[in-house]
Amino acid sequence: MSEAEAQLDFDQGQSVADRLAAEALIIDVDGFEGPLDVLLSLSRTQKVDLRRISILHLAQQYLAFVERAKALRLELAADYLVMAAWLAFLKSRLLLPPDPTDEGPSGEELAAHLAFQLERLQAMRDAAAKLMARDQRGRDFFPRGIPETMERVRKVKYNATLLDLMQGYARIRTRDEFRPFVMDRDNVYTMEQALASMRGLIGFAGDWTSLSAYLPLGWTNDPVRRRAATAATFAASLELVKAGKVELRQSDTFAPIELRRKEGSDDGR
Amino acid sequence: MMDDNDMSDHVEKTSLFEAPPMAEQERMVEAILFASAEPVTIKELNDRMPHGCNAAEALTYLRKRYEGRGVRVVKIGEAWAFRTAGDLSFLMQKETVETRKLSRAAIETLAIIAYHQPVTRAEIEEIRGVSVSRGTVDQLLEMEWIRFGRRKMTPGRPVTFVVTSEFLDHFGLESARDLPGLKELRSAGLLDSRPPPSGAELVGQDDDEDQPELFEDDD
Amino acid sequence: MMDDNDMSDHVEKTSLFEAPPMAEQERMVEAILFASAEPVTIKELNDRMPHGCNAAEALTYLRKRYEGRGVRVVKIGEAWAFRTAGDLSFLMQKETVETRKLSRAAIETLAIIAYHQPVTRAEIEEIRGVSVSRGTVDQLLEMEWIRFGRRKMTPGRPVTFVVTSEFLDHFGLESARDLPGLKELRSAGLLDSRPPPSGAELVGQDDDEDQPELFEDDD
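Chains as they are written, first to last, in our numbering: chain A, 1 to 269; chain B, 1001 to 1219; chain C, 2001 to 2219.
Heads up, some of the hints might be wrong.
[Unchecked claim] Each pair of labels, with its calculated beta carbon distance range: (1) B:E1095 with C:K2183: 40 to 48 Å; (2) C:V2159 with B:R1134: 53 to 61 Å; (3) A:S210 with B:R1134: 51 to 59 Å; (4) C:P2021 with B:S1131: 50 to 58 Å; (5) C:L2141 with B:E1098: 29 to 37 Å; (6) B:S1103 with A:R152: 20 to 28 Å; (7) A:A196 with B:S1131: 27 to 35 Å; (8) A:A129 with B:R1063: 39 to 47 Å; (9) B:R1104 with C:A2019: 41 to 49 Å; (10) B:K1043 with A:Q46: 58 to 66 Å; (11) A:I257 with B:R1157: 52 to 60 Å; (12) B:E1095 with C:T2041: 51 to 59 Å; (13) B:E1098 with C:T2041: 50 to 58 Å.
[Said to hold, decoys possible] Quick list of in silico lysine-lysine cross-link-like pairs, DSS-like style, CA-CA up to 30 Å: (14) B:K1064 with C:K2094; (15) C:K2064 with C:K2043; (16) C:K2075 with A:K155; (17) B:K1075 with A:K157; (18) C:K2183 with B:K1094; (19) B:K1075 with B:K1064.
None of these hints come from the bench; they were simulated from the model.
On a predicted model such as this, the values are computed, not experimentally measured, just so you know.
All C-beta atoms in this analysis are idealised placements derived from N, C-alpha and C, irrespective of residue type, glycine included.
Using the sequences plus the hints, can you model the full thing?
In structure tokens:
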């Protein structure tokens, strides 16, 4: 079939209804979902099995379609034009005798693949229609209308081991007995401790005595402990001065600090 | 169920206006009750079923069919619905058990009760040095690890708490006396065994001389 | 069913661990499936039923019992549910849910995913000859009819789409293998991913350079 014949066929050889359909194709170009969709629609006019469709004929129809669409000054998307170019190429391949030096797929192979694509698209459309024709939940069959909700009962089980219990008790006992030392305060001597120990001692401090004499046992050798004890003892002695219990003196800068019981204060202990 | 043979002649003649067979009506009632989001009245059933159906009768058959089944057809007010059979309601619950560690406050309170029982709330508070929340005591009571003991013969006759056999069970103890003493706590490294930095007079005081007294008025 | 007389001794000893009789198990499966609008798996059934039950066996009895009834026991993927019989849909106008009207593009995309799953977006586009809009895929994802499958082991590791059990439930399918006409389509080679003749420009392929490779190890 020559191109001219095909064109004629497309233009005049169809019934009125077919011509209207062809017209609709052009008018509704935007309604098509791409070139493949157009090709599938065009192929229906061949009224044959998609596998035996004439790709050459189809290519001609498509090219005519694109021409007419352009003539109607419809904006054609790029992929319609790409398809047109590709089909023009395919048409030339199909019409010319095969060139043995030419590599790449033959026109027949390309045409066969296009036919396959069209058949597959048509098959998917049929499958989609069959799927949608099935009984559907919420339309044809229904789930339970009053589902009974699964009640979730959450039970909390508390647990404790004997060790937890022992640790708990040990914690309380520790707190009781060594309250000031609960934390790791090995090297911290508090003012309260110093006060407590000095109160017991100042009764015996009638004469000026160096503050260092009041440092607790075991706190004089390690410099860290000595510093802590000295600071605490000094702060405690200031407290005692404030309370009017002792007197403090220092003969010179950095000279030893001395203290003695204040005369008239009978509250040594 | 109706005898189809008896009626076949009749059915043939009037099939256009004939109600579906009762078995079919029963299926309809079954489907409607199943799918409806609310209980359905007889009137609604009749309205929805083809002309000439007798929903009340179909329902009777349906109820009979579901007798003893896992679901039953029940009447709710004037309407009907499917409901899970009462004896299977346990299937509709999903019980998840979550194990949680007892809070520190609860463990300490429990320990004091175990070591000092019978002990009043005021005594617990004195030993812990903080007040004991009602929730903590309630939780231990609910767990059945403690119970009320005899009232103390002191002013106000306060209630006391003691540990339960449940408690002993859980901790694998024969009696509260089997609780490790302070010496054992110390050798287990749970009690600080360092001598306090100063105030040597405190050392030794935390040995368990007083432990025997803990259980003095144990019952 | 067991012979109770033969086993009475044994039963006495192990009654605590004995599973309920099969008739009772059938009731339980019935109750659980009735109560849930969602399909329930055998595993879930067994988890909810007492220890030692065989939900799968109980289910076969139950299915038989409901054959031809107004509601039926249907398999959906790996799960089971009661659904009203399809032939009674005419009674159900009241229950009918207005589903969102799907566009032609969405319906076609859904069908392609169902029949070709797992399938990549590029493959869908190759079949339809147009690009798939994001909205279409999003809509299907939102309806929970499709979900992401495993990535393809091809360059770019593209994601794939598969249909869900929600999809199966909606269309009353036991599995994707039961899709209408699946066998015919397969034997006609229409579900093959036939690569285009090498070197040929692909129809419908606008901009996907990696498209030819997509089908290399398609299954």
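Item to complete: Provide an ascending list of the numbers of those earlier hints which the structure does not satisfy.
Response: 12, 13, 16, 17 and 18
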